[in-house]
Amino acid sequence: MQIHKYDTVIVGAGGAGMRAAIEATKRSRTAVLTKLYPTRSHTGAAQGGMAAALANVEEDNWEWHTFDTVKGGDYLVDQDAAEILAKEAIDAVLDLEKMGLPFNRTPEGNIDQRRFGGHTRSHGEAAVRRACYAADRTGHMILQTLYQNCVKEGVEFFNEFYVLDLLLNEVDGVKKTAGVVAYELATGEIHVFQAKAVIFASGGTGKFFKVTSNAHTLTGDGQAVAYRRGLPLEDMEFFQFHPTGIWRMGILLTEGARGEGGILRNKDGERFMEKYAPVMKDLASRDVVSRAIYTEIREGRGCGPEGDHVFLDLTHLPPEQLDAKLPDITEFARTYLGIEPYTDPIPIQPTAHYAMGGIPTNVMGEVLLDNTTVVPGLYAAGEVACVSVHGANRLGTNSLLDINVFGRRSGIAAAEYASANDYVELPEDPASVVEEMVESLRNSTGTERVTEIRKALQETMDANAMVFRTEATLKQAVSDIAELKERYKNVSVQDKGKRFNTDLLEAVELGNLLDLAEVLAVSALARKESRGGHYREDYPTRDDVNFMRHTMAYREVAADGTVNIRLDYKPVVQTRYQPMERKY
Amino acid sequence: MSTPTLEKSSGAPEAAQSSDDHLITLTMRVRRFNPEVSDEVTWVDYELRMDPKERVLDALHKIKWEIDGTLTFRRSCAHGICGSDAMRINGRNRLACKTLLKDINPEKPITVEPIKGLTVLKDLVVDMEPFFQAYRDVMPFLITKGNEPTRERKQSAEDRERFDDTTKCILCAACTTSCPVFWNDGQYFGPAAIVNAHRFIFDSRDEAGEQRLEILNDREGVWRCRTTFNCTDACPRGIEVTKAIQEVKRALLTRRF
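Residue numbers (my numbering), protein chains in the order written: chain A, 13 to 596; chain B, 3 to 259.
Think of the hints as simulated: they come from the structure by calculation, not from any bench.
It should be emphasised that the depicted structure is a prediction, and the values quoted were computed from it without experimental measurement.
Take the hints with a grain of salt, since some may be wrong.
16 Å max Cα-Cα, derived EDC-like pairs, lysine to aspartate or glutamate [as the list claims (entries may be wrong)]:
id: 1; chain 1: A; residue 1: LYS467; chain 2: B; residue 2: ASP208
id: 2; chain 1: B; residue 1: LYS170; chain 2: A; residue 2: GLU343
id: 3; chain 1: A; residue 1: LYS222; chain 2: B; residue 2: ASP139
id: 4; chain 1: A; residue 1: LYS164; chain 2: B; residue 2: GLU209
id: 5; chain 1: A; residue 1: LYS510; chain 2: B; residue 2: GLU38
id: 6; chain 1: A; residue 1: LYS17; chain 2: A; residue 2: ASP434
id: 7; chain 1: A; residue 1: LYS110; chain 2: B; residue 2: GLU150
id: 8; chain 1: B; residue 1: LYS156; chain 2: A; residue 2: ASP107
id: 9; chain 1: B; residue 1: LYS156; chain 2: A; residue 2: GLU318
id: 10; chain 1: A; residue 1: LYS164; chain 2: B; residue 2: ASP139
id: 11; chain 1: B; residue 1: LYS64; chain 2: A; residue 2: GLU464
id: 12; chain 1: B; residue 1: LYS170; chain 2: A; residue 2: ASP335
id: 13; chain 1: A; residue 1: LYS467; chain 2: B; residue 2: GLU68
id: 14; chain 1: A; residue 1: LYS508; chain 2: B; residue 2: ASP70
id: 15; chain 1: A; residue 1: LYS110; chain 2: B; residue 2: ASP208
id: 16; chain 1: A; residue 1: LYS164; chain 2: B; residue 2: ASP208
id: 17; chain 1: A; residue 1: LYS508; chain 2: B; residue 2: GLU38
id: 18; chain 1: B; residue 1: LYS170; chain 2: A; residue 2: ASP340
Cβ pair distances, simulated, as ranges [unchecked claim]:
id: 19; chain 1: A; residue 1: THR574; chain 2: B; residue 2: SER21; range: 54 to 60 Å
id: 20; chain 1: A; residue 1: ALA484; chain 2: B; residue 2: ARG138; range: 54 to 60 Å
id: 21; chain 1: B; residue 1: SER21; chain 2: A; residue 2: SER134; range: 51 to 57 Å
id: 22; chain 1: B; residue 1: LYS55; chain 2: A; residue 2: ARG588; range: 50 to 56 Å
id: 23; chain 1: B; residue 1: GLY188; chain 2: A; residue 2: GLU343; range: 29 to 35 Å
id: 24; chain 1: B; residue 1: GLU150; chain 2: A; residue 2: GLU71; range: 45 to 51 Å
id: 25; chain 1: B; residue 1: ASN92; chain 2: A; residue 2: ALA484; range: 45 to 51 Å
id: 26; chain 1: B; residue 1: LYS110; chain 2: A; residue 2: THR355; range: 32 to 38 Å
id: 27; chain 1: B; residue 1: ARG138; chain 2: A; residue 2: GLU568; range: 28 to 34 Å
id: 28; chain 1: B; residue 1: GLU160; chain 2: A; residue 2: GLU71; range: 47 to 53 Å
id: 29; chain 1: A; residue 1: ALA67; chain 2: B; residue 2: SER21; range: 56 to 62 Å
id: 30; chain 1: A; residue 1: ARG39; chain 2: B; residue 2: TRP185; range: 40 to 46 Å
id: 31; chain 1: A; residue 1: SER452; chain 2: B; residue 2: GLU209; range: 54 to 60 Å
id: 32; chain 1: A; residue 1: GLY281; chain 2: B; residue 2: LYS110; range: 38 to 44 Å
Derived contacts from chain A toward chain B, CB cut-off under 8 Å, selection only [as the list claims (entries may be wrong)]:
id: 33; residue: ALA57
id: 34; residue: LEU106
id: 35; residue: GLU109
id: 36; residue: LYS110
id: 37; residue: ILE123
id: 38; residue: GLN160
id: 39; residue: ALA198
id: 40; residue: THR347
In this text, a Cβ means the ideal position worked out from N, Cα and C, and glycines have one as well.
Build the full structure now, drawing on both the sequences and the hints.
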């Protein structure tokens, strides 16, 4: 075991982690620990754009953006946070441009902007061009630009270091951050990183679904580590299903395709979104469009022999426009489906895309221990966190924004905290939990295989906790997950080695997914209403009287060792906007 | 290393079910190496039933998940964006997640081995550090002088287009490790680093083109390129790598960019 000492440790090297690292490195001695090489993050898979009311192509302002974010999140958004997001968006985009990001340009040479779902002018009057973009590779360009600037700033990376535990220690009765424990993939060695401040920026958890746009590596590592250390997880029942994933594969096809004029059609060729969202049509918010697609499929208007998908039609758009604005997604259709999008519509279905919930933080990125107390020295930003700027449903282009605004804020706040405070003493035997976890998995002679448990988990989640949910389906999910968690205790790996043991890694990841899926299902079961991405067929309307509140899920271990999930609730911060019925 | 030997895996799955008639039987021939166990390289054949529309990555997952959990490779996004899974497939550098089985003649054994010119650490995993070091050496970030404007820097659509091709790079190393010069001389910057220098040299906003050109004027710089076009063929993003290198060479001669 090795022990390292840094002022600030950042866990994860995607958009939020690297944006934080650029700030933290300037202000404190910083290390970035990342499971993947920095440019492998799934930030790079984001396509369509980053929202900011620059008003470069038409009238716009940050107040409209705030409203759209709050409404898009079905009023579960904390409005003070949404206001910061929308206000700071403008500088966040300009900062990236100054760092070198090659945005598409207007004829005047300014950053170009396009339409995206749920972004409107004058509080819902019509779609507005607010998404700043670089073709359909905006996430790729952000990730590359941030990495380039990390190289420039000399950010210190520990690549392929997988963080498996968070170290907290009580000082005068207050739980404070002491560091993290990481597993070095190349050698199997365990490293303790003592740190004054830790920022979790480890991304999402989409891999508990089968049809998902998420990378294989998005397994909720940060959320699971925090949760096991007794920290709450907020609003985990809110998961976004992106309307346009490639049929069966789940690969994302950007909403920018509809922003450029693409149309969703059922088997009769009907533009069905006109029925569900008369004003915004195909550009209604994602939860609305995903439910509309599944309603079409359920009512027998799906396409294909099994009627299990609909079409994204781009054939009326000029090929030059597709080449200039949507080169990557048209190539995906050619590569993976053998379809020419110039002439043929693309089969799509909703795909599990984004966790609105996560580790609760305030607007400085400080992690909450309960509804009000922060954990000194602990921060989270990006998809792993819940600020909450996305509420019950995130608007497209607001996540690339989130990672930049709150990545920057948490990087500054963490480094400033580290400068003003001393190290907290490491707990006794700091690596013991991780050593035991790794060794018991490596040495297990159990008969269960990771593959089979993971497959069963993904199947129950797709069947029972996806776009449409009921008490019965969620209870099924809860009981299936409980059974799978029992089986997981008996899991073993074939690779017993130390060197690049990705077999072991996948087993750890599965343990994380099981814990988080359980939190999702239990939180969803208790929320007897429909709001944003959480739709209960048995409670099809929003219930502001009983459920205008955030879920806070805690893992509790009883005296006899049994583990339970305790649900608590946290009020929503409302400033300017009173809840209204959400129509698009 | 000893001469590679050929083994037959005993873990081949059962014969096809009648409902699986869209599946084909194919052989994946994978180069295995784990210095923790042995210094020997072995080639192992795995017989699989696969849908020909699946990816090489799906076949590797099938081996790892159903036959041999010790098979080791990097991967993440599985759709050609993250750049983790560049490997040599049937003798050509490709991304495993972007190569469909039907497109590489699954009637013959499909060979899979690590990309060449970087030290193999285990199976298909290579040491990427020298690759990233060459990248860092070309100063891959925007350098400007003077005060920053309050709003964005202006750039015409035409100027933006000038370096569009080289912004697509995902740092997968497929180009660099397909280059015979790089195989023979690990000091050569290699195509990917030059591509990333090109991305800034031809960006109208950047003001350090001269410095980058001097770095690439080095003995191990662009002049080592023999224009074999392997890199262009290998690039999974369709970047015209050789053309970009030629443009850097021309800029060095004319000092115009």
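Taking the hints in turn, this is what the structure says about them:
{"no.": "1", "hint": "A:LYS467 with B:ASP208", "result": "violated (49 Å)"}
{"no.": "2", "hint": "B:LYS170 with A:GLU343", "result": "holds (13 Å)"}
{"no.": "3", "hint": "A:LYS222 with B:ASP139", "result": "violated (41 Å)"}
{"no.": "4", "hint": "A:LYS164 with B:GLU209", "result": "holds (15 Å)"}
{"no.": "5", "hint": "A:LYS510 with B:GLU38", "result": "holds (8 Å)"}
{"no.": "6", "hint": "A:LYS17 with A:ASP434", "result": "holds (12 Å)"}
{"no.": "7", "hint": "A:LYS110 with B:GLU150", "result": "holds (8 Å)"}
{"no.": "8", "hint": "B:LYS156 with A:ASP107", "result": "holds (14 Å)"}
{"no.": "9", "hint": "B:LYS156 with A:GLU318", "result": "violated (51 Å)"}
{"no.": "10", "hint": "A:LYS164 with B:ASP139", "result": "holds (11 Å)"}
{"no.": "11", "hint": "B:LYS64 with A:GLU464", "result": "holds (12 Å)"}
{"no.": "12", "hint": "B:LYS170 with A:ASP335", "result": "holds (14 Å)"}
{"no.": "13", "hint": "A:LYS467 with B:GLU68", "result": "holds (12 Å)"}
{"no.": "14", "hint": "A:LYS508 with B:ASP70", "result": "holds (12 Å)"}
{"no.": "15", "hint": "A:LYS110 with B:ASP208", "result": "holds (10 Å)"}
{"no.": "16", "hint": "A:LYS164 with B:ASP208", "result": "holds (14 Å)"}
{"no.": "17", "hint": "A:LYS508 with B:GLU38", "result": "holds (11 Å)"}
{"no.": "18", "hint": "B:LYS170 with A:ASP340", "result": "holds (10 Å)"}
{"no.": "19", "hint": "A:THR574 with B:SER21: 54 to 60 Å", "result": "violated (43 Å)"}
{"no.": "20", "hint": "A:ALA484 with B:ARG138: 54 to 60 Å", "result": "holds (55 Å)"}
{"no.": "21", "hint": "B:SER21 with A:SER134: 51 to 57 Å", "result": "holds (56 Å)"}
{"no.": "22", "hint": "B:LYS55 with A:ARG588: 50 to 56 Å", "result": "holds (51 Å)"}
{"no.": "23", "hint": "B:GLY188 with A:GLU343: 29 to 35 Å", "result": "holds (33 Å)"}
{"no.": "24", "hint": "B:GLU150 with A:GLU71: 45 to 51 Å", "result": "violated (26 Å)"}
{"no.": "25", "hint": "B:ASN92 with A:ALA484: 45 to 51 Å", "result": "holds (50 Å)"}
{"no.": "26", "hint": "B:LYS110 with A:THR355: 32 to 38 Å", "result": "holds (33 Å)"}
{"no.": "27", "hint": "B:ARG138 with A:GLU568: 28 to 34 Å", "result": "violated (47 Å)"}
{"no.": "28", "hint": "B:GLU160 with A:GLU71: 47 to 53 Å", "result": "violated (27 Å)"}
{"no.": "29", "hint": "A:ALA67 with B:SER21: 56 to 62 Å", "result": "holds (57 Å)"}
{"no.": "30", "hint": "A:ARG39 with B:TRP185: 40 to 46 Å", "result": "holds (43 Å)"}
{"no.": "31", "hint": "A:SER452 with B:GLU209: 54 to 60 Å", "result": "holds (56 Å)"}
{"no.": "32", "hint": "A:GLY281 with B:LYS110: 38 to 44 Å", "result": "holds (43 Å)"}
{"no.": "33", "hint": "ALA57", "result": "holds (5 Å)"}
{"no.": "34", "hint": "LEU106", "result": "holds (6 Å)"}
{"no.": "35", "hint": "GLU109", "result": "holds (4 Å)"}
{"no.": "36", "hint": "LYS110", "result": "holds (6 Å)"}
{"no.": "37", "hint": "ILE123", "result": "holds (5 Å)"}
{"no.": "38", "hint": "GLN160", "result": "holds (4 Å)"}
{"no.": "39", "hint": "ALA198", "result": "holds (7 Å)"}
{"no.": "40", "hint": "THR347", "result": "holds (6 Å)"}
Hints 1, 3, 9, 19, 24, 27, 28 from the list above are not met by this structure, while the remaining hints are.
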